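Trainee: Take a look at the letters that make up each chain.
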Amino acid sequence: MSAFTPGPDSSAKQIENVEGITVRLAGDSGDGMQLLGTQLTNTSALLGNDVATFPDFPAEIRAPRGTRAGVSGFQVQFAAEEIFTPGDVLDALVVMNPAALVTNIGDLRPGGLLIVNEDGFNDKEYKLAKVSGNPLDDPRIRERYRVTEVAMTRLTRDAVAELGLGMKEADRCKNFFAMGLVYWLFGRSLDPTLRFIAAKFGRKPDVALANEKALRAGWAYGETTEAFGTSYHVEPAQLKPGTYKNMMGNQALAWGLLAAAQRSHKELFYGTYPITPASDILHELSKYKNFGVRTFQAEDEIAAIGATVGAAFGGTMAVTASSGPGIALKAEAMGLGMMLELPMIVIDVQRGGPSTGLPTKTEQSDLLQVLYGRNGESPLPVLAPQSPADCFDIAQEAWEIAVESMVPVVILSDGYIANGSEPWKIPNVQDMKPIEIAHPTAAEDSDKPFLPYARDEKLARPWAIPGTEGLMHRVGGLEKEDGTGNVSYDPENHQHMVHTRQRKVDLIAERIPPQKVMGPPSGDILVVSWGGTYGACHTAVRRCQSQGMSVAHAHIRYLHPFPANLGELLSSYRTVLVPELNMGQLRMLLRSKYLVDCIGINKIKGKPFTVSELVEQISAHACHDHNCREEESQEDACEDGIMQSKAG
Amino acid sequence: MNLPVLKATDFASDQDVRWCPGCGDYSILAQMKKVLPELGVPREKTVFISGIGCSSRFPYYMNTYGMHSIHGRAPTFATGLKTTRPDLMVWVITGDGDALSIGGNHFIHVLRRNLDINIVLFNNRIYGLTKGQYSPTSSEGQVTKSSPMGAIDHPLNPLSMAIAAEATFVARSLDAHVKHLGDTLKRAAEHKGTSLVEVYQNCNVFNDGAMAYAQSRDLRPEHTIELEHGKPLIFGKDRDKGIRMVGNQLEIVKTADVPADDLLIHDEKSNDSTLHYMLSRMRYPEFPEPIGVFRAVQGVATYNDQINAQVTQAKQQKGEGSLQKLFESGDTWQVA
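Protein chains in written order, with the numbering used here: chain A, 155 to 802; chain B, -12 to 323.
None of these hints come from the bench; they were simulated from the model.
Given the structure is predicted, the values throughout are model-derived calculations rather than measurements.
Heads up, a few of these hints could be off.
What the hints assert, rightly or not - Now the stretches of chain B that chain A is said to cover, found in silico as 3 or more residues with beta-carbon under 8 angstroms:
no., region
1, 22 to 31
2, 46 to 57
3, 68 to 82
4, 92 to 101
5, 296 to 305
6, 310 to 319
Stated by the list, open to error - Under the rule of at most 27 angstroms between Cα atoms (straight-line distance), these lysine-lysine pairs were calculated in the DSSO-like manner:
no., chain 1, residue 1, chain 2, residue 2
7, B, K312, A, K394
8, A, K587, A, K612
9, B, K312, A, K579
10, A, K587, B, K305
11, B, K312, A, K354
12, A, K602, B, K20
13, B, K305, A, K579
14, B, K302, A, K587
Even glycine gets a Cβ: it sits at the ideal position worked out from N, Cα and C.
Generate the whole structure from the sequences, applying the supplied hints.
Mentor: Pasting the structure below:
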């Protein structure tokens, strides 16, 4: 007989329907919170909920145990509607120790559920967390939140007692107990996690069994104890029909690169040096050698991009990736790649800077670096994905631009996108269009010399590769004569070449889609964002729209060149707000290029925006004054008026 | 096979050579052009990659594929090219500043990986292109533009470094000894794995005669010793001196004073690099400096072979990658 496997909503207790839940699991770095979080996310996705995640962990592999610095958290929102962020405030918070409690409690909404592993609360732990006593003794906590203390460690030990494990091994299962309890609370099925346990610990049957027992015990505890009266049900979300998979940003980038390689009948070369938060792309790609992928773990960042340029010269699809500090080291070779006019992709998974900065935290402060952080006039196209699943598309788009224009293309991802996850609709590979690449060969009857820097209508030069008879040529970083590619110090030629390389990138604006806006085409406020802040900005603007504000959202995917209509668009709104996780880098670009006075909303805390802080900022700039409203079109003003009165 | 017979001039590009008159680089360029036709590799399958410096202009003068890259990094570009295009014959042209100073890291790593390329290191013991500063191989105390009171850096020995970095082919030659240079370049090209050839190259503008003790036809027999596999180490105009091992030290002896089998026999094929390393430590004026092939070890897997073998193996084991299968692997769910 197979054991009873509780499915969703198999609880005999009262079940409450909710639209969505935001829950954070927080404990010590060694407590397995990231595992718990990813399992909860996958399980929720399999139940059909829309999901968005935000893992938050220290840079140290094992920061001192029990300390605030060592707290590792994983936040997930799962919902019955389409969501774009992992949520602002928590409906539920699970904490394994006092350090996790004091560092996370501020994000729990009043009336929210606080689940505490009471075995993690003792004098020793208070000392490690630098709190004077049990923080739960503060009456305000019990007034404000619904607190449930569970002896997770002891209950886990009891659950696995018959297996005769050591105390340490037994205690290691307590995250699975917590998982079982959380699964009960939110009507999650145990099946996916049971499958995971079998696959992950299959070779250690006693460990697998212990984890399974702990998981089931956690579920049973929720079902039987009187501490919990209600569990919650979240309906599946109405996503577009299709087959879905939960995707993390870095994985999506890796898969997008694989797809781009296959679409262009190329094999993929990936030269890189390990760095947080980009390394997972290497881990992922190194698994796909049977797709013709060659991964090269170089001796340093410079070697990584050097090899990438070398592979591109040889006619391979070549990609390198790093984070801010590594991109700084790659700058010179990126300039060479630009000068050689060879296609390749450079991925920057941004993290908190400057210098070593905040390796595991997110930030958007490399925009100016990738645009201008090279010597000389060195224009490169720059694209930024807006979400984890979008990374799949942007990798392919970057490659298309690279080969069309014969230029290295930069993808600016960030730590939030890289480690976050969301449902990804699996595409049909047969529907993917090929990416056409033509390498020239020498015309047999032609005695004209080959011109390696002859240009087509996109100003791209031919991608002639070594091994091709009759097309021998030399490339290099010295300025070259247009057409022949020979070294040239001629002043007129230099001016011509600098302009040509810029113009080649500018021409891309004619081929990318025009900038779209979500909301009225003109009006009071335009929120302009880029990269990983998409979800928070989109959700905030929608909320403001529903409150009757005249506000639109433009999320820029193409940061160089900008879409052709962007300038016109910016001038169609009274106020342009630019939220960024930096000191105003995009804002500076918009102001200098379009002479539009943009207002920045800037946060540099290593954390993403919350929706509520953006709503607050947008509201503060919204026009509540009748006089300024008259400047707008009659229709918009009228519509806004109605909506506002309704809201009022 | 009916390959067209190429001449040295077929390997000359249409660009004017712009080294200073009298520069040792001319001789290396000439020997390269002479050797390439003998290798039977078509021009379009030949690639020269250089870094920055006087020597690094080399690719512009060759009618092959070429890349003049950035300072010190030529081995990295070669790594990307050779791993993805193992069908090409790849040469790296570098200098003492390029390879040993700014590019020291890449120099070590390309050697330890045993990428199947040939590195020619033009060692003139000075920075030429930046007009005369001391280099990592300049002598201690050398007065240059940037060391008016004498250089205080201890010089680096590129061959010792290469041997320590697990190099499988290590050789030295001289710009002025053209036949020897040509033969050495040819041996380097024929070696499977990374070949390093250090060439003593005279900078007649900024460091003229720095290695005259070895380059000058008159002085050479006394101050250099030609290494030949399986032969005893003998040198001198009258071939009257030899090298033997006493304890763990090398010493110079008169061949007449010792039994013939006392002399050290050169074994370039030995896996153990201890003796090769000791040979690399022989420096003028205490010792004659060895020229020729120090080390040529066969059978060590190359990086390019291994990276490609893994791809082949993965394809055999898992089958050619299917994107659709990959996308649908693991946990998925349907939305109707």
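Trainee: Against this structure, judge whether each hint is valid.
Mentor: For each hint, the structure was consulted:
1. By the rule of at least three residues with a Cβ nearer than 8 angstroms to a Cβ of chain A, the coverage given for the region 22 to 31 of chain B holds, with 3 such residues.
2. Coverage of a stretch by a chain is defined here by at least three residues with a beta carbon nearer than 8 angstroms to that chain's beta carbons; for the region 46 to 57 of chain B and chain A the count is 11, and the condition holds.
3. Chain A is given as covering the region 68 to 82 of chain B, and this holds because 7 residues of the stretch bring a CB closer than 8 angstroms to a CB of that chain, at least three being needed.
4. Restraint check on the region 92 to 101 of chain B versus chain A: 4 residues with Cβ-Cβ distances below 8 angstroms, three needed, restraint holds.
5. Only residues whose C-beta sits within less than 8 angstroms of a C-beta in chain A count toward coverage, and the region 296 to 305 of chain B has 7 of them, enough to reach three; the restraint holds.
6. Given a C-beta distance limit of less than 8 angstroms, the hint that chain A covers the region 310 to 319 of chain B holds, as 8 residues qualify and 3 suffice.
7. This hinted pair checks out: B/K312 and A/K394 have alpha carbons roughly 21 angstroms apart, not beyond 27 angstroms.
8. Taken as a hint, the A/K587 and A/K612 pair is honoured in the structure, with Cα atoms around 21 angstroms apart against an allowance of 27 angstroms.
9. The straight-line distance between the Cα atoms of B/K312 and A/K579 is roughly 14 angstroms, inside the 27 angstroms bound, and the hint therefore holds.
10. For the hint pairing A/K587 with B/K305, the CA-to-CA distance comes to about 26 angstroms; that is within 27 angstroms, so the pair holds.
11. Between B/K312 and A/K354 the CA atoms are separated by roughly 21 angstroms; this keeps the pair inside 27 angstroms, and the hint holds.
12. Proximity of A/K602 to B/K20 is assessed by CA-CA distance (about 24 angstroms); at most 27 angstroms being required, the pair is judged to hold.
13. Restraint check for B/K305 and A/K579: satisfied, since their Cα atoms lie roughly 25 angstroms apart, inside the 27 angstroms limit.
14. Among the hinted pairs, B/K302 with A/K587 is consistent with the structure: their alpha-carbon atoms are about 24 angstroms apart, no more than 27 angstroms.
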